[in-house]
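Student: The numbering of the sequence shown is our numbering, which starts it at -2 and goes up by one.
Careful: at least some of the hints might be erroneous.
[Unchecked claim] Calculated lysine to aspartate or glutamate pairs in the EDC-like style (CA-CA distance at most 16 Å, straight line): (1) 43 - 26; (2) 43 - 60; (3) 11 - 35; (4) 11 - 26; (5) 43 - 1; (6) 43 - 29.
[What the hints assert, rightly or not] Between beta-carbon pairs, the in silico distance windows are: (7) 76 - 46: 16 to 26 Å; (8) 91 - 6: 31 to 41 Å; (9) 84 - 36: 27 to 37 Å; (10) 14 - 94: 17 to 27 Å; (11) 56 - 6: 12 to 22 Å; (12) 25 - 4: 30 to 40 Å; (13) 5 - 91: 31 to 41 Å; (14) 60 - 4: 15 to 25 Å; (15) 57 - 3: 21 to 31 Å; (16) 39 - 87: 34 to 44 Å; (17) 37 - 80: 39 to 49 Å.
FYI, nobody ran anything at the bench for these hints, they're computed from the structure. Quick caveat, the model's predicted, so the values are computed rather than measured. Glycine residues also receive a C-beta, built at the ideal position from the N, C-alpha and C atoms.
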Amino acid sequence: MISEISHTTPTARKPHRCFACWVTIQPGETYDRSVLADYHTAWTIKSCLPCSEAMQFVQAYWEWPEEGVGEEEYHEWAWHASRADSWATEEERTAATTYLNRRNGENK
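Can you build the whole structure from these sequences, using the hints too?
Tutor: In structure tokens:
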């Protein structure tokens, strides 16, 4: 099971890559930084604010979010949630569409 050790929202001093949509987080932009651990391994993930805000939807979409979600889980969630005939609320559909646009190179 993955545990979150720390979570901060710093301002970037150098470019970083969002773990979910791959957009470059530019110096001066605020982003989310989480340190996670699983048994004997720890790692850091950095995400842009739109992907961080979408995390609640991605975790709700997956049966076992405690196992962690990554770019593949984001992409599958967004593909399903962005469809006009999906189960998603308007807020979730907007988050999914924003993710797909960023992932596909728009708004980079």
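Student: Please work out if residue 43 and residue 60 have their alpha carbons no farther apart than 16 Å.
Tutor: Cα-Cα ~23 Å, so violated.
Student: Check whether the Cα positions of residue 43 and residue 26 lie no farther apart than 16 Å.
Tutor: Holds, at roughly 12 Å.
Student: Between residue 60 and residue 4, does the beta-carbon spacing fit 15 to 25 Å?
Tutor: 23 Å, holds
Student: Quick check on a hinted range of 30 to 40 Å for residue 25 and residue 4, using CB atoms only.
Tutor: For residue 25 and residue 4 the Cβ distance comes to about 21 Å; the hint is violated.
Student: Taking 34 to 44 Å as the hint, is the beta-carbon distance of residue 39 and residue 87 inside that range?
Tutor: 37 Å, holds
Student: For the pair we were handed, residue 11 and residue 35, check the Cα-Cα distance against 16 Å.
Tutor: Violated, because 27 Å separates the two Cα atoms, which is more than 16 Å.
Student: Return holds or violated for the Cβ distance of residue 91 and residue 6 against the range 31 to 41 Å.
Tutor: Cβ of residue 91 to Cβ of residue 6: about 21 Å, so the range 31 to 41 Å is violated.
Student: Can the restraint linking residue 11 and residue 26 be considered satisfied, given a maximum Cα separation of 16 Å?
Tutor: 10 Å, holds
Student: If I claimed the Cβ atoms of residue 5 and residue 91 lie 31 to 41 Å apart, would that claim hold in this structure?
Tutor: Hint violated: Cβ distance 26 Å, outside 31 to 41 Å.
Student: For the pair supplied as a hint, residue 43 and residue 1, confirm whether the alpha-carbon distance does not exceed 16 Å.
Tutor: With a Cα-Cα distance of about 13 Å, the restraint between residue 43 and residue 1 holds, given a limit of 16 Å.
Student: Can you let me know if the beta-carbon spacing of residue 84 and residue 36 is within 27 to 37 Å?
Tutor: For residue 84 and residue 36 the Cβ distance comes to about 35 Å; the hint holds.
Student: May I ask you to test the hint 21 to 31 Å on the CB atoms belonging to residue 57 and residue 3?
Tutor: 23 Å, holds
The structure does not agree with the numbered hints 2, 3, 8, 12, 13 stated previously, though it agrees with the rest.
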